[in-house]
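**Q** Sequence:
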Amino acid sequence: MTHARNAAMALVALLLVVAGAWSSWGTAQHVLLSKGREHGTLTVTGCNEEMCSGRYVPASPPSQHTTLSIAHSVAAGKGQKVPVVVKPGTEEAVRAGWAGGFHAWVPLGGALLLAALVIGGGLRMTRTAWSVAAAGGVLLLGTFFAL
1 MTHARNAAMA
11 LVALLLVVAG
21 AWSSWGTAQH
31 VLLSKGREHG
41 TLTVTGCNEE
51 MCSGRYVPAS
61 PPSQHTTLSI
71 AHSVAAGKGQ
81 KVPVVVKPGT
91 EEAVRAGWAG
101 GFHAWVPLGG
111 ALLLAALVIG
121 GGLRMTRTAW
131 SVAAAGGVLL
141 LGTFFAL
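Numbering of the sequence shown is given in UniProt numbering, commencing with residue 1 and proceeding in unit increments.
Just to be clear, a hint being listed does not mean it is correct.
Listed next, with one range per pair, are the computed distances between beta-carbon atoms [stated by the list, open to error]: (1) GLY77 with ALA21: 22 to 32 Å; (2) THR90 with SER60: 17 to 27 Å; (3) THR90 with LYS35: 14 to 24 Å; (4) GLU50 with TRP130: 27 to 37 Å; (5) GLN80 with HIS3: 51 to 61 Å; (6) THR45 with ALA135: 33 to 43 Å; (7) THR43 with THR128: 40 to 50 Å; (8) ARG124 with LEU33: 18 to 28 Å; (9) ARG5 with PHE145: 37 to 47 Å; (10) ALA8 with PRO61: 16 to 26 Å; (11) VAL12 with ARG127: 17 to 27 Å; (12) SER60 with HIS3: 49 to 59 Å; (13) ALA4 with GLU92: 41 to 51 Å; (14) ALA4 with SER60: 16 to 26 Å.
With a cut-off of at most 25 Å between alpha-carbon atoms, the simulated DMTMM-like pairs for lysine to aspartate or glutamate come out as follows [stated by the list, open to error]: (15) LYS78 with GLU91; (16) LYS81 with GLU92; (17) LYS81 with GLU49; (18) LYS78 with GLU38; (19) LYS87 with GLU49; (20) LYS35 with GLU91; (21) LYS81 with GLU50; (22) LYS35 with GLU49; (23) LYS78 with GLU49; (24) LYS87 with GLU38; (25) LYS35 with GLU92; (26) LYS81 with GLU38; (27) LYS81 with GLU91; (28) LYS78 with GLU50; (29) LYS87 with GLU50.
Calculated from the structure, these hints are not laboratory results.
These figures come from a predicted structure and were not determined experimentally.
The beta carbon of each residue, even a glycine, is placed where N, CA and C say it ideally should be.
Take these sequences, add in the hints, and give me the full structure.
**A** Rendered as structure tokens:
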């Protein structure tokens with residue numbers, strides 16, 4: 001019975017981490033694998049509850065985009081200039097650099113914190129749980145200070 005409980009808890013912890021990584025990869029791929037993608041600077045002109053938009057200036061002149069939108073959580077406010085990578089085939093951008101990289105992995109950081117609770121409480125592996133929680137905390141704190 002103990003082995004079945006441990007296997008179930010390990011499966012839940014693994015599922016949490018995989019789901020966090022999968023959720024993060026949708027944005028992180030554009031930041032981490034940005035070679036060959038369109039780069040530039042977005043000057044924020046206005047925001048609503050979810051998105052900010054603004055004037056886009058490409059790093060290399062031939063571009064079909066003049067305005068782009070970006071998630072409100074990575075654009076601090078009106079008038080701010082943000083380095084961005086354009087998502088291919090869309091009018092949406094993601095923040096580039098360290099700040100964008102940290103922000104892209106926020107779902108994984110949260111998943112690591114949740115998995116640490118399962119590892120510590122369900123599997124009784126406290127040292128491993130503290131290590132996993134520390135990794136998640138570093139990701140979330142890094143994002144807080146980078147943005």
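**Q** Has the given pair, LYS35 with GLU49, been kept, meaning a C-alpha gap of at most 25 Å?
**A** violated (31 Å)
**Q** Taken at face value, is the distance from the CA of GLU49 to the CA of LYS81 at most 25 Å?
**A** holds (19 Å)
**Q** Do SER60 and HIS3 keep their Cβ atoms within the hinted range of 49 to 59 Å?
**A** About 58 Å separates the Cβ atoms of SER60 and HIS3, which means 49 to 59 Å holds.
**Q** Hint check: LYS78 vs GLU91, CA-CA at most 25 Å. Holds or violated?
**A** OK: LYS78 and GLU91 at ~19 Å, within 25 Å.
**Q** Run the distance test for LYS78 versus GLU49: straight-line Cα separation, threshold 25 Å.
**A** Holds. LYS78 to GLU49 sits at ~13 Å (cutoff 25 Å).
**Q** Just to be careful, I want the Cα atoms of LYS78 and GLU50 compared with a cutoff of 25 Å; is the pair within it?
**A** holds (14 Å)
**Q** Does the beta carbon distance between THR45 and ALA135 stay inside 33 to 43 Å, or does it fall outside?
**A** holds (37 Å)
**Q** With 51 to 61 Å as the target window, see if GLN80 and HIS3 comply at their CB atoms.
**A** For HIS3 against GLN80, whose Cβ atoms are near 54 Å apart, the range 51 to 61 Å holds.
**Q** Return holds or violated for the Cβ distance of THR90 and SER60 against the range 17 to 27 Å.
**A** Given a distance of about 18 Å, which is inside 17 to 27 Å, the answer is holds.
**Q** Taking the CB of ALA4 and the CB of SER60, does the distance hold inside 16 to 26 Å?
**A** violated (57 Å)
**Q** Assuming the hint says 40 to 50 Å, is it satisfied by the Cβ distance from THR43 to THR128 or not?
**A** holds (45 Å)
**Q** Hint check: LYS81 vs GLU38, CA-CA at most 25 Å. Holds or violated?
**A** holds (16 Å)
In this structure, the hints that do not hold are numbers 8, 10, 14, 22, in rising order.
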